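There are 2 protein chains.
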Amino acid sequence: MKTLPPIRRLALAAACLALAAGAHAAETTAPLSAAASDPAALQWMVGAPPPADKIIRFDDGSYFNFPQLRWSVSHFRQLMPTVAVARGLKAPVPLPRALRNDIDSLRFTPLGAKETMTWEQSLGANYTDGIVVLHRGRIVYERYFGVLKEGGQHGAMSVTKSVMGTIGAALVAEGKLDPGKKVAEYVPELAKSAFGDATVRQVLDMTTGLQFSEDYADPKAEVWQHAAAGSPLPKPKDYTGPRSYFEYLQTVRHEGRHGEGFGYRTVNSDVLGWIIARVTGQSVNEYLSEHVWQKLGAEQDAYMTVDSTGTPFAGGGLNAGLRDLARFGEMLRNDGRYNGQQILPKAAVDDIRRGGDKQLFAKGGYDLLKGWSYRDMWWVTHNEHGAYMARGVYGQRIYIDPKAEMVIVRFASTPTAANAANDPTTTPAFEALGKLLLAKPQ
Amino acid sequence: MKTLPPIRRLALAAACLALAAGAHAAETTAPLSAAASDPAALQWMVGAPPPADKIIRFDDGSYFNFPQLRWSVSHFRQLMPTVAVARGLKAPVPLPRALRNDIDSLRFTPLGAKETMTWEQSLGANYTDGIVVLHRGRIVYERYFGVLKEGGQHGAMSVTKSVMGTIGAALVAEGKLDPGKKVAEYVPELAKSAFGDATVRQVLDMTTGLQFSEDYADPKAEVWQHAAAGSPLPKPKDYTGPRSYFEYLQTVRHEGRHGEGFGYRTVNSDVLGWIIARVTGQSVNEYLSEHVWQKLGAEQDAYMTVDSTGTPFAGGGLNAGLRDLARFGEMLRNDGRYNGQQILPKAAVDDIRRGGDKQLFAKGGYDLLKGWSYRDMWWVTHNEHGAYMARGVYGQRIYIDPKAEMVIVRFASTPTAANAANDPTTTPAFEALGKLLLAKPQ
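First to last, the protein sequences are chains A and B.
Per my numbering, the first sequence starts with residue 1, numbered consecutively.
Per my numbering, the second sequence starts with residue 1, numbered consecutively.
Pulled out of the complex, with its shape left as it was, chain A reads as follows (with noise of 0.2 Å):
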């Protein structure tokens, strides 16, 4: 790394500040299972001072090569800067246990594959980190591996979106954000931008019409230039470009027209991250605090990682605990009422449930989710259960399956960051599961 170029090492240091589910990586080699690349036993950051080898860095990138990634999902406050989503001084609310243990056993099979698989060993090929089911509300499943535990905070990635998503949409079915209105209208700053002439149901639902590449074997993708501004390490000195969040997403031009089709575009839920403070009054992560964290009975405060100017990363800066998330997934699941309080308003959950527009999916070529939608920034399979998901890159999940009264949430470190390379792997086994609940109620 440390011949790249200042304003390269600036963006790869920065790179899972912009990583979003859509991403196009290529192994070149089969890479390290599971079981060979568990940070816990490759011992990185052991010791007082770790031996120079086993020493994850944020400067030089390395802390988001595989393997060390699969600690660093569990480290990022350690890498950079953050602020906290706060759960607030009350008493957690306890999660209910009733274990089942017919899960580990579960069969299905794999997208594409003949043979079958157990749910256990699908742990190992999704490289899981932590993973939670909840049925009723009720945990019946719970498992960490690696270097994340009960008490950690991992990365969520472009889980983010959706919580982002969730918010929007009760901005609006509360009657604070008109989906009607064009983007310029909460932020004139991105007038002149792509966004400006975008209306915020396009936000919501990423079907804007943007000159933003995500891949990332291209070095003039737009996506490193989103990254260095975004990056809290200092520029270099002949850097000129964008220095913050808000800066970049002033630069963003058209390319196509709005609303013809989906695009899964990071800069999408930075925009609404920036209509959301502007529509509150909060920055995303005091609201998110405020108005569903601490309501929640959290156990865990989340956090989320922010730009030099203090600016949370809505495209992807959420870590949180693993039976948070679940929480926050429950809630949906019950049409936004949890903990003897309706947190959310029933027609944000709807609206999300119902889905986006099937059509305007199919444009956006993914070929394992045929059939499905975006609606909010999540993603909706209009399968048998009316189940929806959150995806975040390298395996990040919240799974709610309505039908079977099932939330599961999975944190994962692959060594790819698409969930092209997981989903035949997840998928299948989720609704597997939540045929097993539904049939087998305990």
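If you are wondering where the hints come from, they were derived from the structure by calculation, not from laboratory data.
In this text, all values refer to a predicted model and were calculated from it rather than measured experimentally.
Here are the computed lysine-lysine pairs in the PhoX-like style, where the Cα-Cα straight-line distance is at most 20 Å:
{"no.": "1", "chain 1": "A", "residue 1": "Lys-192", "chain 2": "A", "residue 2": "Lys-182"}
{"no.": "2", "chain 1": "B", "residue 1": "Lys-90", "chain 2": "A", "residue 2": "Lys-90"}
{"no.": "3", "chain 1": "A", "residue 1": "Lys-235", "chain 2": "B", "residue 2": "Lys-237"}
{"no.": "4", "chain 1": "A", "residue 1": "Lys-90", "chain 2": "B", "residue 2": "Lys-295"}
{"no.": "5", "chain 1": "A", "residue 1": "Lys-370", "chain 2": "A", "residue 2": "Lys-358"}
{"no.": "6", "chain 1": "B", "residue 1": "Lys-295", "chain 2": "B", "residue 2": "Lys-346"}
{"no.": "7", "chain 1": "B", "residue 1": "Lys-346", "chain 2": "B", "residue 2": "Lys-403"}
{"no.": "8", "chain 1": "A", "residue 1": "Lys-295", "chain 2": "B", "residue 2": "Lys-90"}
{"no.": "9", "chain 1": "A", "residue 1": "Lys-235", "chain 2": "B", "residue 2": "Lys-235"}
{"no.": "10", "chain 1": "A", "residue 1": "Lys-237", "chain 2": "B", "residue 2": "Lys-235"}
{"no.": "11", "chain 1": "A", "residue 1": "Lys-403", "chain 2": "A", "residue 2": "Lys-440"}
{"no.": "12", "chain 1": "B", "residue 1": "Lys-370", "chain 2": "B", "residue 2": "Lys-358"}
{"no.": "13", "chain 1": "A", "residue 1": "Lys-149", "chain 2": "B", "residue 2": "Lys-90"}
{"no.": "14", "chain 1": "B", "residue 1": "Lys-149", "chain 2": "A", "residue 2": "Lys-295"}
{"no.": "15", "chain 1": "B", "residue 1": "Lys-440", "chain 2": "B", "residue 2": "Lys-403"}
{"no.": "16", "chain 1": "B", "residue 1": "Lys-237", "chain 2": "A", "residue 2": "Lys-237"}
{"no.": "17", "chain 1": "A", "residue 1": "Lys-90", "chain 2": "B", "residue 2": "Lys-149"}
{"no.": "18", "chain 1": "B", "residue 1": "Lys-295", "chain 2": "A", "residue 2": "Lys-149"}
Calculated from the model, a selection of chain B residues having no Cβ within reach of chain A, i.e. all distances over 10 Å:
{"no.": "19", "residue": "Leu-42"}
{"no.": "20", "residue": "Pro-67"}
{"no.": "21", "residue": "Ala-113"}
{"no.": "22", "residue": "Glu-431"}
Cβ-to-Cβ under 7 Å is the rule here; a few derived chain A residues that face chain B:
{"no.": "23", "residue": "Arg-77"}
{"no.": "24", "residue": "Met-80"}
{"no.": "25", "residue": "Val-83"}
{"no.": "26", "residue": "Leu-89"}
{"no.": "27", "residue": "Gly-151"}
{"no.": "28", "residue": "Phe-246"}
{"no.": "29", "residue": "Glu-299"}
{"no.": "30", "residue": "Thr-309"}
{"no.": "31", "residue": "Gly-310"}
Note that CB positions come from ideal geometry on N, CA and C, so glycine has one too.
Following the hints, complete the assembly by docking chain B onto the known chain A.
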């Protein structure tokens, strides 16, 4: 700042990482008053984005200028990488409340003054951000100012040292750390440094003879090299110095002989942190979490700033909630017992309370602290109440008055680093309150 060479910029940006209670900062003009410098009124970092002249940044060092510092001390995690001192997942143990209304009007005479002042007036005089008083374990007084709220964390500065010293004293009392042994026996890497032939006791009581100037007015002072080594920011290309706290400590040279006088040097606390990590097999934040914070029933996670290799800054990196530090102080006041359990050995607290060698202390040259001593990184007043305290630059304090059964914790952000500037309006106020509570318990 932009005209400074990179090494100075780096050091400035990390200045807080090394600031110590003995710093001799000089004000050339009268600073803004507490009211005029109120960080909430000045609206630092308010807005999405904040106006350019209201943004506080880490990378140019502006965060550590007064009055920006008044905002920064409540937001260090937003400026630099940190590790948690986790409170655990259980319910916090509430502090009982029995508020008194006779404290604000309490009068005392500041050191060297002829006129008296009220307690309430002293809050502004000391640029108080938050202050809580426990009497017999109950909150009798609590105030927050500026941007600090009850749910926030504030930099404890060199109060960190006393927390580390407490752990050190506990390990000694438990027989896990031999105060008579040489430092090099625990940390062989320090054998060739000045610390190599110092005893653990000399480190704990800061009677080492070190070439280490904390004179911030001197650009060649070692404190700048310490700060540069510990900065989490990337090093300049031409930087050839140490790249972490642990690397820096190995470069410290002798000046004078160990054991001949008190010399307040931050690096002693960093060495203690290293010793604690080696003796316990845990980093200091992990040990503090598991053995103290979780047992206290703390209501918030605390955190510590870290260098680029993930080492917590044991000399000054702790940030905590006001009431949680009060729980810590109350535990000490109760001989290490709190929340229904013996958290630290009584012998450790006895050792702190007894104090150190007054004659060695007198050589430190603290005119306002006559007759005091220093033990286990605590400042012991030897006054008639047997009070002892933790002190951090810019006005941080934990003050424990055993006779009055009182604990005071104060967070502040004074214009001047050195506590000599606020001692005159602090020490007599705390003593007067101790006398009031002793005379009129409720």
